[in-house]
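Novice: Given next are the chains, with one letter for each unit.
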Amino acid sequence: MFEYEKNSLTEEIENLVKHYGSDRPALLQILQAVQRKHKYISDFAQQEIARLLNIHPVEVYSIISFYSFLCSEPKGRNIVRLCRTISCDMAGKDKVESAVKRELGITFGETTNDGRITLEFTNCLGMCDQGPAMLVNDKVYTHLNPETAVNILNEVK
Amino acid sequence: MKSNVETKKRSGPVVFSEYQRSEGIKKALQLGRENILFELKISGLKGRGGAGFPTATKWMLTAAANANKKFIVCNADEGEPGTFKDRVLLLEYPELVFDGIVIAGFTIGAASGIIYLRGEYEYMLQPLEDYLAEMRKDNLLGKNILGKENFNFDISIRLGSGAYVCGEETALIESLEGFRGEPRNRPPYPVDTGYLGYPTVVNNVETLASVSHIVLKGGEWFKKHGTSKSTGSKLFSVSGDCEKPGVYELPWGIKIKELLEIVEAKNTKAVQVGGASGTCIAKSQFDRILGYEDAATGGSIIIFNENRDMLKVLKNFMEFFIEESCGQCTPCRIGNIKLMEGIIKIENGDFTFSYINNLKELGKTMQVASKCGLGQSSPNSFISILENFSEEILHTNGKGKENVKA
Ligand SMILES: Cc1cc2nc3c(=O)[nH]c(=O)nc-3n(C[C@H](O)[C@H](O)[C@H](O)COP(=O)(O)O)c2cc1C
Ligand code: SF4
Ligand code: FES
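For the protein sequence lines, the chains are A and B, in the order given.
FYI, in my numbering the residues of the first sequence are 45 to 201.
FYI, in my numbering the residues of the second sequence are 173 to 578.
Derived from the structure by calculation, the hints contain no laboratory data.
Treat the hints with care, as some may be off.
Said to hold, decoys possible - Distance condition first, Cα-Cα at most 20 Å in a straight line; then the derived EDC-like pairs of lysine to aspartate or glutamate:
no., chain 1, residue 1, chain 2, residue 2
1, B, K241, A, D67
2, B, K309, B, E294
3, B, K543, B, E294
4, B, K484, A, D67
5, A, K183, B, E294
6, A, K139, B, D481
7, B, K441, A, D67
8, A, K83, B, E294
9, B, K487, A, D133
10, B, K315, A, D67
As the list claims (entries may be wrong) - Partner residues aside, some chain A positions facing chain B, computed with beta carbon under 7 Å:
no., residue
11, V61
12, H63
13, S66
14, R68
15, L71
16, F113
17, L114
18, E117
19, I130
20, S131
21, M134
22, S142
23, F165
24, C172
25, D182
26, K183
What the hints assert, rightly or not - Residues from chain B that keep clear of chain A, each with C-beta distances beyond 10 Å, as calculated:
no., residue
27, G254
28, N324
29, Y527
As the structure is a prediction and not an experimental result, all values here were calculated from the model.
Note that beta-carbon positions come from the ideal geometry of N, C-alpha and C, so glycine has one too.
Please model the entire structure based on the sequences and the hints provided.
Specialist: Written out as structure tokens, the structure is:
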């Protein structure tokens with residue numbers, strides 16, 4: 045990471061601390077904000093958050109490792125989460141899964157070479173009446189079939 | 173392309189009956205705390221999040237607690253597989269949910285309400301924030317609400333980050349406090365030691381939505397619906413093999429087979445009542461009723477027709493629990509993995525009946541020895557599916573799929 049990137053990240057985190065406060069309940073909210081913007085929470089970001097909240101960096105890491113929507117390694121610009129729970133499974137999730145894998149040339153858990161998309165599985169999204177369902181970042185798509193799913197992903201920048 | 177969450181016009185006996193924004197709050201302010209608690213008590217309302225604890229008792233304990241701060245938390249973590257009724261309430265009936273939170277705040281003497289919204293529902297955040305802004309503008313939130321001296325109350329929304337266990341109320345509180353969502357030992361209960369150590373009511377979205385109607389229309393009106401042990405109505409989230417999946421408001425006490433008719437399910441072989449942590453009910457028991465006295469549920473109904481491979485269904489549930497266990501206690505962390513090993517052995521036709529019986533025993537141990545509801549209920553589907561479908565799964569030496577009629 046370049047020095048100027050570090051400075052801007054520090055400034056960003058300082059602003060988040062100003063907004064959410066520096067007591068413990070703010071921690072998850074700050075992590076969510078960093079995750080939303082950068083798609084991961086770097087070591088440097090973790091250290092800065094720990095410093096400003098006056099806790100040990102390991103505390104910060106232990107929170108990141110607990111929540112499946114937070115991560116400490118870089119991911120793609122867009123995170124696609126296909127529901128793999130029973131109702132979506134019965135509605136045809138397997139077909140959507142193979143079509144998406146074929147189209148992007150990666151498997152679930154991986155990121156495309158151009159860093160455009162990371163594919164992941166997730167558990168029930170609360171869309172079981174309209175499955176198969178997936179999240180693209182925070183947007184939800186339902187009634188997927190292999191073709192619509194691929195079309196949606198091809199439109200993602 | 174736009175994301176596509178469907179909404180539609182609904183009607184129902186209780187939750188989906190007529191209600192205008194703020195009616196319940198106005199009535200609550202007229203009634204006063206004692207009368208609200210009285211109506212709630214009469215109504216017999218029990219928590220809709222799954223555990224079924226009487227709401228009036230929870231509120232009374234918190235109202236009576238001596239503390240300079242109290243909280244009302246709305247549990248919108250809705251993570252149980254097959255459950256999506258809270259999504260419908262939040263998107264289509266925010267007035268019921270938010271009025272319910274304000275009424276709770278007034279009754280227990282809280283100044284803040286918090287909605288814990290699962291991370292998967294982040295797309296609702298902006299519309300809900302906009303809705304709260306409207307309420308503030310109309311003095312349904314803020315200072316001296318609707319002219320009531322010293323009734324100051326506001327609501328904030330906090331997001332989860334993809335952890336099913338955070339729906340458990342003490343894990344939820346840990347998460348709100350900025351920690352890992354690991355369930356606490358209970359007691360102490362949140363009504364005594366909750367968010368930041370203050371007395372806290374944690375209620376499900378649907379519970380709070382029901383409160384708005386009860387306060388407006390009375391406990392006796394609510395009680396007219398349902399059965400004597402399960403009063404009122406329930407929102408059922410129906411998915412799986414049927415023509416009309418979706419959210420249905422039906423009175424408690426309805427038979428499973430009646431529900432199957434309503435949603436146009438054909439050739440049904442089994443129904444999973446209560447999601448992955450619920451039980452699997454086979455065709456021979458479709459006369460059973462949905463209610464706290466028989467088949468209790470937070471509302472998840474998943475339907476399987478004759479063509480489904482029940483071992484595959486069970487495997488999907490166990491994968492869910494292995495992923496979502498917080499890992500804090502041994503029965504759940506290790507037990508779920510052991511049950512999964514059993515499922516794989518069955519799949520490969522490589523098991524003995526005494527081994528399966530041992531696993532069922534292990535499941536029963538997990539039910540009593542696990543620290544929270546996750547590990548206490550994760551063996552339910554293992555035990556009920558293997559018992560109900562032993563012929564399909566065990567008598568075919570794991571080749572169940574090929575022997576099931578198409
Ligand atoms: C693993 C687990 C997950 C839970 N998830 C939820 C949930 O998503 N929503 C909910 O309202 N209750 C959930 N509960 C139940 C809560 O612990 C608690 O009983 C409920 O929020 C109380 O509200 P009620 O009395 O209005 O039902 C869960 C419990 C367990 C053990
Ligand atoms: S039962 Fe499972 S989820 Fe609950 S505390 Fe123990 S390990 Fe965690
Ligand atoms: S099972 Fe996929 S959204 Fe519920």
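Novice: If a hint holds in the structure, say so; if it does not, say that too.
Specialist: Comparing the hints with the structure gives:
no.: 1; hint: B:K241 with A:D67; verdict: holds, 18 Å
no.: 2; hint: B:K309 with B:E294; verdict: violated, 24 Å
no.: 3; hint: B:K543 with B:E294; verdict: violated, 29 Å
no.: 4; hint: B:K484 with A:D67; verdict: violated, 46 Å
no.: 5; hint: A:K183 with B:E294; verdict: holds, 8 Å
no.: 6; hint: A:K139 with B:D481; verdict: holds, 17 Å
no.: 7; hint: B:K441 with A:D67; verdict: violated, 53 Å
no.: 8; hint: A:K83 with B:E294; verdict: holds, 15 Å
no.: 9; hint: B:K487 with A:D133; verdict: holds, 12 Å
no.: 10; hint: B:K315 with A:D67; verdict: violated, 25 Å
no.: 11; hint: V61; verdict: violated, 13 Å
no.: 12; hint: H63; verdict: violated, 13 Å
no.: 13; hint: S66; verdict: violated, 11 Å
no.: 14; hint: R68; verdict: holds, 4 Å
no.: 15; hint: L71; verdict: holds, 4 Å
no.: 16; hint: F113; verdict: holds, 4 Å
no.: 17; hint: L114; verdict: holds, 6 Å
no.: 18; hint: E117; verdict: violated, 16 Å
no.: 19; hint: I130; verdict: holds, 5 Å
no.: 20; hint: S131; verdict: holds, 4 Å
no.: 21; hint: M134; verdict: holds, 6 Å
no.: 22; hint: S142; verdict: violated, 17 Å
no.: 23; hint: F165; verdict: violated, 9 Å
no.: 24; hint: C172; verdict: holds, 4 Å
no.: 25; hint: D182; verdict: holds, 4 Å
no.: 26; hint: K183; verdict: holds, 4 Å
no.: 27; hint: G254; verdict: violated, 5 Å
no.: 28; hint: N324; verdict: holds, 20 Å
no.: 29; hint: Y527; verdict: holds, 25 Å
Hints 2, 3, 4, 7, 10, 11, 12, 13, 18, 22, 23 and 27 from the earlier list are contradicted by this structure; the remaining hints agree with it.
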